[in-house]
Amino acid sequence: MIETESLVHRYGDGAAVDGVSLTIDDGEAVAVVGANGSGKTTLVRHFDALLEPDEGSVRVDGRDVTDDPVYARTRVGMVFQNSRDQFVAGTVGADVAFGPENLGLDRSEIDRRTEAALEAVDMAGRGDERIDRLSGGEQARVALAGALAMEPDHLVLDEPLAGLDRSARESVLGHLDALAAEGTGLVVVTHDLRDLVETVDRVVGLVDGRVVLDEPTSAALDRLDEVGVRDPRC
Amino acid sequence: MLTYEPGDSLAHGLDPRAKLAVQFGLAVAVFAYPTARGFAVGGAVALAALAAGRLSPLRVVRTYWAVFLFLAVGPLLGGAALGEPWFRVGPAVESLRSVARVIPVVFVGAVYVRTTPVRETRAAIQRVVPGKVGRLFGVGVGLVFRLFPVVLADLQATRRAVHARAGGRRSLRDRVRRILTRGLQRSFLRADRLALALRARCFAWNPTLPALAFRRRDYATAALGAALAASPLLSLFP
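These protein sequence lines map, in sequence, to chains A and B.
Residue 1 is where the first sequence starts when you use the working numbering, and the numbers rise one by one after that.
Residue 235 is where the second sequence starts when you use the working numbering, and the numbers rise one by one after that.
Hints were generated in silico from the structure; no laboratory data involved.
Where hints are given, some of them may not hold.
[To be verified] Partial list, derived from the structure: chain A residues whose beta carbon lies under 10 angstroms from chain B:
1. D48
2. A49
3. E101
4. M123
5. A124
6. A147
7. E151
8. R166
9. S167
Beta carbons: idealized from backbone N, C-alpha and C, even for Gly.
I would like the entire structure built from these sequences, with the hints used as guidance.
See below:
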């Protein structure tokens with residue numbers, strides 16, 4: 001479970017996240033929506049202890065992420081907006097194995113996790129391929145596999161469909177649906193709900209760093225204009 | 235930019251420690267013997283390494299053309315004089331001999347980079363250099379290998395962007411200033427993003443490293459490296 005309590009994060013004088021209190025249960029699929037600059041990315045980076053709160057707190061399974069960032073990062077996997085920013089190795093297998101290697105696991109367990117993660121994103125047997133020679137959709141799937149190899153309870157995906165063509169979007173969406181069905185919690189940051197309506201259970205909307213919308217998806221669709229997001233039914 | 239490419243060549247299958255031993259030995263040997271025989275041995279080792287890695291020497295020259303250009307300028311500068319006769323052959327030849335020592339090392343280094351995954355290099359370094367120093371060195375090498383191609387690609391992208399909008403009509407100084415300034419900004423941005431990615435993925439100073447194993451051919455390769463490194467000792471026995 002991810003909990004934030006009165007979370008505030010400031011850049012200079014302005015608050016990018018302003019007093020956000022949220023609870024995201026295990027297995028829940030949540031969309032965090034809002035216009036550009038509304039604080040979505042800043043908010044979710046706190047879930048992974050990549051930022052430190054100016055005020056308030058963030059807990060994962062009851063543990064404060066500031067006190068135990070490694071725990072937070074193993075339970076909450078992060079997939080960056082630009083997949084290329086996430087890669088720390090040149091080949092698919094080396095990159096996916098990077099996280100488990102950092103946990104100090106046995107080589108056999110690292111290999112098992114790497115193969116399972118690649119299998120989950122339909123990239124099995126492609127561990128030796130160079131990442132920079134993959135298509136954008138394939139790179140997105142490798143980034144997803146890198147997060148999955150940590151076997152997290154929650155996956156945070158920052159604009160996972162941005163910049164992908166139709167077939168790549170459908171491929172990534174298919175994998176997200178499968179993960180949600182298996183019980184992995186999803187937190188999807190987006191400003192476009194079109195393809196995600198069927199995937200998420202709940203929508204959290206931000207305006208100027210504040211939560212102004214927190215409803216089940218069906219109810220949230222009628223209020224998306226309040227957060228500057230287009231109604232996907234239109 | 236030459237980076238690791240998966241493959242099944244002989245060099246791909248070698249343990250990185252054995253490959254590093256040959257590199258080290260070759261560097262020692264060519265610097266100890268700046269003679270025709272020394273160059274011949276260095277050239278032979280370089281050619282053998284290129285064949286073992288199935289890497290074309292032309293590709294290495296194309297990739298590292300700036301290095302080769304720099305090396306080529308050395309003898310010209312070495313021979314240049316401020317007065318009559320303006321160019322002296324003796325110092326130029328001496329400089330050429332110094333430069334020639336570097337060339338086989340560049341070729342063998344290129345083979346290493348192309349055939350060795352970065353994390354295996356890190357593992358090799360940490361096994362050869364124990365303790366914190368080895369960890370620091372291994373991580374440093376890994377980060378350089380990861381960041382350098384990205385930064386180079388950024389510089390090339392900036393250069394293309396300058397030319398795409400008729401930037402070629404501006405002065406060389408202006409273009410260089412723009413490319414370097416933008417390149418520096420993007421380098422810091424890349425470094426920042428890489429740091430974020432490393433944190434998000436639980437970067438550890440002491441991770442589980444890839445298993446390395448010496449096989450028969452690795453012993454033979456390492457023996458070659460040791461022989462090259464020990465070759466200067468022969469001069470002690472006239």
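Status of the hints after comparison with the structure:
no.	hint	result
1	D48	6 angstroms, holds
2	A49	8 angstroms, holds
3	E101	4 angstroms, holds
4	M123	15 angstroms, violated
5	A124	16 angstroms, violated
6	A147	8 angstroms, holds
7	E151	12 angstroms, violated
8	R166	27 angstroms, violated
9	S167	26 angstroms, violated
The structure fails to meet hints 4, 5, 7, 8 and 9 from the earlier list, while all remaining hints are met.
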